[in-house]
Amino acid sequence: MYDKAATDRIRSAVRHWEETDVRTAQARLPERRARFTTLSGAAVNRLYTPADVADLDYERDLGLSGCYPFTRGIHATGYRGKLWTMRMFAGFGTAEETNARFKYLLTQGQTGLSIAFDMPTLYGYDADAPQALGEFGKCGVSVSSLADMEILLDGLPLDRITTSMTINSPAAIIWAMYIAAAERRGIPRAVLGGTIQNDILKEFIAQKEFLFPPEPSLRLVVDTIEFGCREMPRWNTISISGYHIREAGATAAQELAFTLADGFTYVEAALARGLAIDAFAPRLSFFFNVHSDFFEEIAKFRAARRIWAQVMREKYAAQDPRSWTLRTHAQTSGVSLTAQQPEVNIVRVALQALAAVLGGVQSLHTNSMDEALALPSEKAVTIALRTQQVIAEESGVANTLDPLGGAFFVEALTDRLEAEARAYFHQIEVLGGMLCAIEAGFPQREIAEAAFRYQQEVDAGQRTVVGVNDYVSEEPLTIPLLQIDPAGYARQVARLQRVRDGRDNAAVAAALARLADAARDPQINLMYPILEAVHVYATLGEVTGVFRRVFGEYQEPVFF
Amino acid sequence: MTQRKIRVLIAKPGLDGHDRGAKVIARALRDAGMEVIYTGIRQTPEMIVEAALQEDVDVVGLSILSGAHMALCPRILELLRREGMDDVLVLVGGIIPDEDVAPLKALGVAGVFGPGTSTREIVEFIRSRVSDASAVDASGLAASAVAVGSERP
Chain C
1 MYDKAATDRI RSAVRHWEET DVRTAQARLP ERRARFTTLS GAAVNRLYTP
51 ADVADLDYER DLGLSGCYPF TRGIHATGYR GKLWTMRMFA GFGTAEETNA
101 RFKYLLTQGQ TGLSIAFDMP TLYGYDADAP QALGEFGKCG VSVSSLADME
151 ILLDGLPLDR ITTSMTINSP AAIIWAMYIA AAERRGIPRA VLGGTIQNDI
201 LKEFIAQKEF LFPPEPSLRL VVDTIEFGCR EMPRWNTISI SGYHIREAGA
251 TAAQELAFTL ADGFTYVEAA LARGLAIDAF APRLSFFFNV HSDFFEEIAK
301 FRAARRIWAQ VMREKYAAQD PRSWTLRTHA QTSGVSLTAQ QPEVNIVRVA
351 LQALAAVLGG VQSLHTNSMD EALALPSEKA VTIALRTQQV IAEESGVANT
401 LDPLGGAFFV EALTDRLEAE ARAYFHQIEV LGGMLCAIEA GFPQREIAEA
451 AFRYQQEVDA GQRTVVGVND YVSEEPLTIP LLQIDPAGYA RQVARLQRVR
501 DGRDNAAVAA ALARLADAAR DPQINLMYPI LEAVHVYATL GEVTGVFRRV
551 FGEYQEPVFF
Chain E
561 MTQRKIRVLI AKPGLDGHDR GAKVIARALR DAGMEVIYTG IRQTPEMIVE
611 AALQEDVDVV GLSILSGAHM ALCPRILELL RREGMDDVLV LVGGIIPDED
661 VAPLKALGVA GVFGPGTSTR EIVEFIRSRV SDASAVDASG LAASAVAVGS
711 ERP
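Chains C and E are the protein sequences, given in the same order.
At position 496 of the first sequence the residue is numbered 496 (this note's numbering), and the sequence of numbers has no breaks.
Position in the second sequence (first residue = 1) + 560 = this note's numbering.
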């Protein structure tokens, strides 16, 4: 962006400054640390100048908002046209309790729904399965059949809101239940808008909620992508997620690299199915973490958009600009929350949310202050939502697009994250692609290594966590925590039994038999027989049971 | 007196797959000179107790972040007792609300470690609690197992 003579002059001025002004200042007051780093451990210079971004070409690398390569954002008018969607992830206990929370959130100005499911649901078990011991309703809402889904969505305007569902291995089944519930209310599937997370690769890498081996898991993902192309033009059939990769301990560069590499893997799988790139790529969406290192996070979002656009256009020859744009949801970092002095988490979340907005995300969940202790209380959720509203309405940051674009530090960080991500792409390619890398434990080890390094730094006091290893105060906990109704489990199990007793069991058996045959035939898109089965109230456990028998269950390599 | 290293089983009971903490602790204990066996995720109480028995461990560390600890821990402690392993030091880590700490300790959990605990604190806790026991030594553990075992019908 600057001519060579100017950057040379600046470079020599910086050298001179280091030897004079900086040396004098250091002699008077040594810097607080020998080395300053980002949260991810990358070195941070004292001052950034045009010399640090000498190779940056404005038109090639940044461009205008809404234009290739989308570094500065995917919309021409950004938040001036439409604010990000404030989408708070919620779910606990029974479908009735979560339905009430959703109705409350909509009255508070929330603009989209986001459903959290409990552990048994995430693992494809019915609420009364022996494996579900003690897990009912703890981390989300329990959905064992279409009957639960109908209660969960009761009275919600499904034709006007969009719904995000955090579900992975059983994503196709839960999505089918959502579609079936809407259809029973007379709302056609084509008008439904929303997202299923449906990102199985990051489950193998980080969150570990896998059921079936990688190959059939990937087939289910492609079946949903294909079904979405044909039937559900407003639905994002996958949310390619770095969130869990980061929470497992990854650095910003690892989160960026592994998430995008997962995305390319899905693209290749869909292409191998015979889908046209521009038929499905516009519906691919992303989900990134937004952690505590302010500038590093902003740079991460910018680098993600630029890499995705470039690879989609150059490597996969996408023609439709919507195929080039990386649309993303973000969530503030759960692991950064402290159980100590939980009110301080409100501040952490506000800073992280600000980074997400300056990074140009399309939707945002802000964590609640009590989440290192329990599921959030209504009060805590409201403060978290209000945090977004303050940023949107009061801070002024949404008045212009990519306000940090051109900042030497932010552009240098963006370039470095891109370079680190591309180095990882190369390593993954050498290993034979992401599936092989996962089976070899490569991303898992890289993440575990980074997590351990970070913990060591905190334990050694090289990193300060306010309230944990410094600024500690011994105060009793004063915030109220959410209690899950203990009677919910009995109600859920009783309802499940009524569903099993009251349905047409011959129809269920026939639907499950057809599903098993379809599962054995890779030519058949499984969404159709799944829909048929859930419509006659086959339970989640019964449908995944078919797949467990046909596909087998995955056992991961154990190491630490 | 024996040179036997402190043996620790790190286990993840229930469905919760969030294994960052379990792996970090496993590695920190290994770096502190302990013999560490990590079960991997999705272990039933029966699998964990079987592994503890097979590996003849001094310590069982349970990592639970899903909120299912009040269902899973009592079952594991009961099975350990049934196998005559009531002298094994049982630790629980994860998201454990304050109000559950006392009931867990009453059941026989020696230590509950929440978010923000340093790995050093856990290493020191184990050393302070197990060094006495291992002075009694492996033969002592075996003897108590037989003694309790003989009381069973």
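Don't read these hints as lab results, they were simulated from the structure.
There may be inaccurate statements among the hints.
Simulated restraints on C-beta separations [unchecked claim]:
#1 E:667 x C:393: 36 to 42 Å
#2 C:427 x E:647: 46 to 52 Å
#3 C:103 x E:595: 24 to 30 Å
Computed far set for chain E versus chain C, every beta-carbon distance over 12 Å [to be verified]:
#4 578
#5 590
#6 635
#7 658
#8 662
#9 668
#10 674
#11 675
#12 685
Beta carbons: idealized from backbone N, C-alpha and C, even for Gly.
Going down the list of hints, with the structure as the test:
no. : hint                      : in the structure
1   : E:667 x C:393: 36 to 42 Å : violated (50 Å)
2   : C:427 x E:647: 46 to 52 Å : holds (47 Å)
3   : C:103 x E:595: 24 to 30 Å : violated (54 Å)
4   : 578                       : violated (7 Å)
5   : 590                       : violated (8 Å)
6   : 635                       : violated (8 Å)
7   : 658                       : violated (6 Å)
8   : 662                       : holds (14 Å)
9   : 668                       : holds (18 Å)
10  : 674                       : violated (5 Å)
11  : 675                       : violated (4 Å)
12  : 685                       : holds (14 Å)
Of the hints listed earlier, those the structure fails to meet are numbers 1, 3, 4, 5, 6, 7, 10, 11, in rising order.
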